[in-house]
Amino acid sequence: MAAAVRAAECGTRVGIIDDNPAPGGQIWRSAAGEKKPEEFMHWRENLDRQPVARMYGLRVFDQPVPGILFAEGQNGHFELHYHRLVLATGARERFLPFPGWTLPNVMGAGGLQAMAKSGLPIRGKNVVVAGTGPLLLAVAAYLRKHGAEIPIICEQASWAQLARFSLVLLAEPQRIAQAAKLKRELAGVRFAANSWPTAAHGHDALESVTISHSGKTETIGCDYLACGFHLVPNAELAALLGCALDSGSVRVDEFQQTTVADVFCAGEPTGIGGVELSLLEGQIAGFAAAGNAEKARELFRARSKAQRFARSMDRAFCLRPELARLCSPETVVCRCEDVTYSRLTRQPSWRAAKLQTRCGMGPCQGRVCGAAAEFLFGWKCESVRPPIFPARIESLGRPELSPETTAITGSQP
Amino acid sequence: MLSVKVNGTSIDVPPGATVAAAIAIAGDACRLSVTGQRRGPLCGMGICYECRVTVNGVAHTKSCQTACEPGMDIRSDE
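Going line by line, the protein sequences match chains W and C. Sequence positions in the first sequence follow our numbering and run 84 to 496. Sequence positions in the second sequence follow our numbering and run 2 to 79.
It should be emphasised that the hints constitute simulated quantities derived from the structure, not laboratory data. Among the hints, erroneous ones may be present.
[Unchecked claim] Part of the chain C face toward chain W, derived, beta carbon under 10 Å: (1) Cys69; (2) Pro71; (3) Gly72.
[What the hints assert, rightly or not] A short list of chain C residues far from chain W (calculated; beta carbon distances all over 12 Å): (4) Thr10; (5) Pro16; (6) Ser34; (7) Arg39; (8) Arg53; (9) His61; (10) Asp74.
[Said to hold, decoys possible] Now the stretches of chain W that chain C is said to cover, found in silico as 3 or more residues with beta-carbon under 8 Å: (11) 107-116; (12) 179-192; (13) 355-368; (14) 404-410; (15) 417-425; (16) 437-449.
Note that CB positions come from ideal geometry on N, CA and C, so glycine has one too.
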């Protein structure tokens with residue numbers, strides 16, 4: 084949103100392609116009728132004032148030649164022409180496998196929050212929240228506000244790591260306010276550091292979770308387990324376009340330009356850093372893509388500050404090695420193809436695993452199991468082939484230009 | 002509230018609810034895995050494909066990213 088607004092303010096013709104049904108990505112997803120965050124309203128109102136073409140429910144799956152993207156939606160497929168591109172593809176949660184993690188009602192932390200915002204009833208339900216990162220607290224607070232019971236929040240980081248991180252928080256007034264608000268909203272909720280799930284139990288669906296905390300184990304009855312281990316960049320489209328990546332993040336220069344001419348990238352795909360950093364990077368990318376280097380430079384200092392905070396988050400919440408040893412031999416690692424842990428331990432690399440077991444070859448194309456396998460086995464799980472999302476056969480053929488796309492189609496080359 | 006059909010049963014959902022929410026309210030799973038395990042949504046944001054169901058005849062529709070519409074016909078693996 085930020086990139087589109089700034090580029091449009093510079094007089095460029097702008098179009099947004101978003102695979103979600105509404106703007107705001109994951110962070111500003113809200114339930115119908117719920118009050119929207121101020122920051123979101125600010126950007127939404129700005130966006131509404133600009134003549135930006137917006138297409139929702141549309142997913143880019145291929146680039147046949149530079150300057151053209153193929154996208155698919157529920158009801159059709161489109162050919163999109165562009166001169167400059169800003170990628171703001173966000174991030175997804177990292178899921179780590181453990182026995183029982185495939186049971187219905189075991190979800191990501193952001194995942195359960197997204198479901199709750201989309202109509203999943205949680206009032207009166209017991210939800211164990213586990214994993215790592217400030218997201219756990221935000222999720223627990225949201226669920227609790229909407230009537231869920233939170234028996235415990237399990238953070239895998241140590242108390243020492245958390246203490247160091249809270250010192251960083253105290254350096255910034257608005258973050259102190261955020262932290263104080265969360266503390267109020269979570270008063271009385273049990274919080275354990277050095278803590279993680281070791282097994283989920285249930286027959287048709289989740290019934291209880293066993294957690295380890297400081298060497299002790301405990302089994303807790305629950306309806307949902309909201310469990311996520313930090314975030315992973317959605318860098319697949321950037322990789323498809325030929326952009327260089329550094330350890331899974333898209334490499335960009337100070338103007339958020341990637342290694343591919345005319346392609347910019349902003350937000351989590353350039354490195355997980357939170358919403359403030361994403362908004363700054365988005366604006367810089369928008370200005371830069373529109374050719375206004377001067378306005379982009381004005382935001383460099385604020386961006387550096389936000390980047391420092393992001394780096395301290397990474398240090399505080401880095402994953403402990405015990406999390407790589409939770410699987411039993413029969414624990415499914417690749418959910419799309421039901422490939423178990425024991426079958427993968429015999430493989431020397433991600434590529435061998437794909438060839439021999441089909442791990443990573445299913446619909447999610449390794450978005451879930453790849454991030455897990457990198458942590459479990461130390462494999463490098465990069466390699467992208469079009470279509471980067473499953474697409475209908477008719478979309479892979481010659482797409483038709485529809486009237487809606489001509490609004491954002493530039494002049495024909 | 003609007004009304005959709007999940008595996009033949011009429012389910013009422015609030016406006017703006019996703020198909021995934023409707024399936025959860027119905028108590029059904031979204032799909033059976035290749036070895037027959039019951040599965041439901043994991044990521045809630047269109048990444049994992051565990052939530053895919055048939056909506057109005059269109060197979061492999063991601064229920065977590067699809068808003069319910071009155072009279073929608075939703076069929077999961079069960």
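Evaluated hints:
no., hint, result
1, Cys69, "8 Å, holds"
2, Pro71, "14 Å, violated"
3, Gly72, "16 Å, violated"
4, Thr10, "16 Å, holds"
5, Pro16, "5 Å, violated"
6, Ser34, "5 Å, violated"
7, Arg39, "6 Å, violated"
8, Arg53, "7 Å, violated"
9, His61, "7 Å, violated"
10, Asp74, "15 Å, holds"
11, 107-116, "holds (count 4)"
12, 179-192, "holds (count 7)"
13, 355-368, "violated (count 0)"
14, 404-410, "violated (count 0)"
15, 417-425, "holds (count 4)"
16, 437-449, "holds (count 3)"
Checked against the numbered hints listed earlier, the structure breaks hints 2, 3, 5, 6, 7, 8, 9, 13, 14; every other hint is satisfied.
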